Amino acid sequence: MKMTGAKILIESLKKEGVEVIFGYPGGVVLPLFDELYDVPIRFILVRHEQGAAHAADGYARATGKVGVCLATSGPGATNLVTGIATAYMDSVPMVAITGQVKTFLIGNDAFQEADITGITRPITKHNYLVEDIKDLARIVKEAFHIARTGRPGPVLIDLPVDIQQQELEFHYPEKVDMRGYNPNYEGHPGQIKRAAKAISDSKRPVIYAGGGVIISEASGELIELAKNNNIPVTLTLLGMGAFPQTDKLALGMLGMHGTAYANHAIMESDLIIAVGARFDDRVTGKVDAFAPHAKVIHIDIDPTSVSKSVDVDIPIVGDAKRILKELNANVKKPDTAAWLEQIEGWKKKFPLKYKDDDKLRPQYVIEQIWEATKGEAIICTEVGQNQMWAAQFYKYIKPRSIISSGGLGTMGYGFPAAIGAKVGKPDAIVFDVAGDGSIQMNIQELATAVSNKIPVKIAILNNCYLGMVRQWQELFYKKRYSYTCLKGSSPDFVKLAESYGAVGMRITKKADVRAALDKAIKTDNVVVMDFVIEREENVFPMVPAGQAINQMIEGGLA
Amino acid sequence: MKHTISVLVENKFGVLARISGLFSARGYNIDSLAVGMTEDPTVSRMTIVSEGDDKTLEQIKKQLNKLIDVIKVVDFKEGEFVDRELILLKVAVSSKTRKEVLEAIDSCGAKIVNAGSKTISVEAAGDQNAIKSLIELLRPFGLMEVVRTGRIALEIGDKALSGQGKPEANE
Ligand SMILES: Cc1ncc(C[n+]2csc(CCOP(=O)(O)OP(=O)(O)O)c2C)c(N)n1
Ligand SMILES: [Mg+2]
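Residue numbers (the numbering used here), protein chains in the order written: chain A, 6 to 563; chain B, 46 to 216.
Derived from the structure by calculation, the hints contain no laboratory data.
Some hints could be false.
[Unchecked claim] Here's a subset of chain A near chain B, in silico, CB distances under 7 Å, partners left out:
(1) F48
(2) T68
(3) R126
(4) P127
(5) R184
(6) G185
(7) P308
(8) T309
All figures in this text were calculated on a predicted structure; none of them were measured in a lab.
We put the CB at the ideal spot given by N, CA and C, even for glycine.
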């Protein structure tokens, strides 16, 4: 049967199992929207295309499926850019579809024309401009394949409006055939043996695991490696949940705002077992001083991540799950008793702490969210202090329970991502831990959440500051709070919530926190909780930029 | 150290931008880049000459391989390849220097493509040494224009860079 290009696209999405699209209409996607009018794919109309990209991203991180967003050409497409870049940095499988002006107008500065494939080239895993309707089905097939395989990432398809209107017989290809794309999943057996021996011979091993473990669904294998061999585990922000934070081998997060004991453990370790993590500068601090006594094993699907910043002794390129399985079959348990004892000492000496008085402090709010949900919630975060407190004080016990912009650090990410996560996991309690600054970057999505009945819970840790920047100004710029104070200039978040049809709450006392959370969780609507917290609370420990990670403020020195 | 890298890529719109964009975004340097279609019209071959330490070169190769449109990347080892560059140049002549310039051109094995009363246009192909000595030889007479294609390189011996698959770097 002959179909229009628009219909071919929609039918292809159905073939890929797409359940939901987040998007926004416009002139050159009218044929697509006309198809969407009577197709069983759910469409969530956002209020800004950035929201669509983050929602697709949040959906993908919560479910492991490919998230899909859709926007018109020109400004619609450029509004997706931050969302695409965010997904790219954090290896999130996503397909972004943009409309484009008619093929014969491309390059003419036509109305609402933007070279979106040019713009997104460095922030997509791959992108396509469809030049011929004959290529369309194949391109969709390839796009989904590229997005979800290997190291996942966003793929953009730019589809001119005239191709949406042309007609062709629809054939969806069975398989992809790309000679230039062939990710390697199987780890090199010799390297795995070497790694197993290094682990067996180690005295002070540390597992350092990142988002790759979650993407590869390798949490079970990671837990086995750690527990069978008594190896402590530290996680990156994106790795949180890959190993239960409630376990005695858990060290929490490492790096700039990591726990003192995780950072000390890395610095004293004789063997780092890095899995699905990429030695980001927020993790390593001063690279030359990172883990000076350690051999490094690095398991990663992306060869470019290996030996990029930290030199690796035993690289193993491939899928974390398969490699960990092999490794588990080969490792002989090392004796780590003395090492664990030393770490226990650090844990006692330098616990994560905050002042437990009767003031309303953000760490307490996060702890209470944990108490109220016992690790069963999905915690999305904005960026800044709120994000770090959410990482430090909530005990993640399973994969995909924290959703946060790690690589790009995108303010405004958390709320739309929470919408996407809730759409993907409707039975989960979904929180957005927010800052008063960040939440205003995509606040318009309140309309999306309310009208589509997506009851996410927003907990604003309101310090009336761009808090993380203020913290740096306090510590490194002599408290000159240049343009970081929001006091008196933010909206009344309770009234704002109400005007969108959501429920608003203001919490000013520590004693009221738990009751408010319980009420919010029970409420079958979007809830905005405005927690008026201690304004100048800081995130500690903290490794100043460019220092070795054991040189922490408030972390004790090794 | 200078490296000569051959890259087989899909002969598609936008591929050159992906490669040059990769180099500029990551701060890798390009000494020269030449590109053209291969024996297989769906495949183009780029010869990139780049300079960097071993770690940078390793990253360049991996990053190139990561591009979906890149089919194969080979970093030629010293002594295992030949490289050539084509150069066109215009040199000034006068009645006084004409004879000397013609001799110089001849001594380099270069070819005259056009001879006027005030200038001579020259074509030469060769390795980097040959190109360099031609330029230096003619420079004193007044080089008015120099146009170079960038280097292309071919592995010596019976092996060929086929377009089949691309080995992932494991190790
Ligand atoms: C889009 C964007 N712009 C700027 C920044 C720089 N930045 C990082 S944290 C921060 C302050 C965040 O303030 P808020 O959301 O109130 O969170 P808090 O740190 O106070 O918890 C800023 C401006 C950023 N990460 N993202
Ligand atoms: Mg704030």
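Here is how each hint holds up against the structure:
1. F48: violated, 29 Å
2. T68: violated, 24 Å
3. R126: With a closest approach of 6 Å, the A:R126 hint holds.
4. P127: Because about 5 Å separates A:P127 from the closest Cβ in chain B, which is inside the 7 Å limit, the hint holds.
5. R184: holds, 5 Å
6. G185: holds, 5 Å
7. P308: Hint on A:P308: holds, closest Cβ of chain B at ~4 Å, below 7 Å.
8. T309: holds, 4 Å
In the structure shown, a violation is registered for the earlier hints numbered 1, 2, in ascending order.
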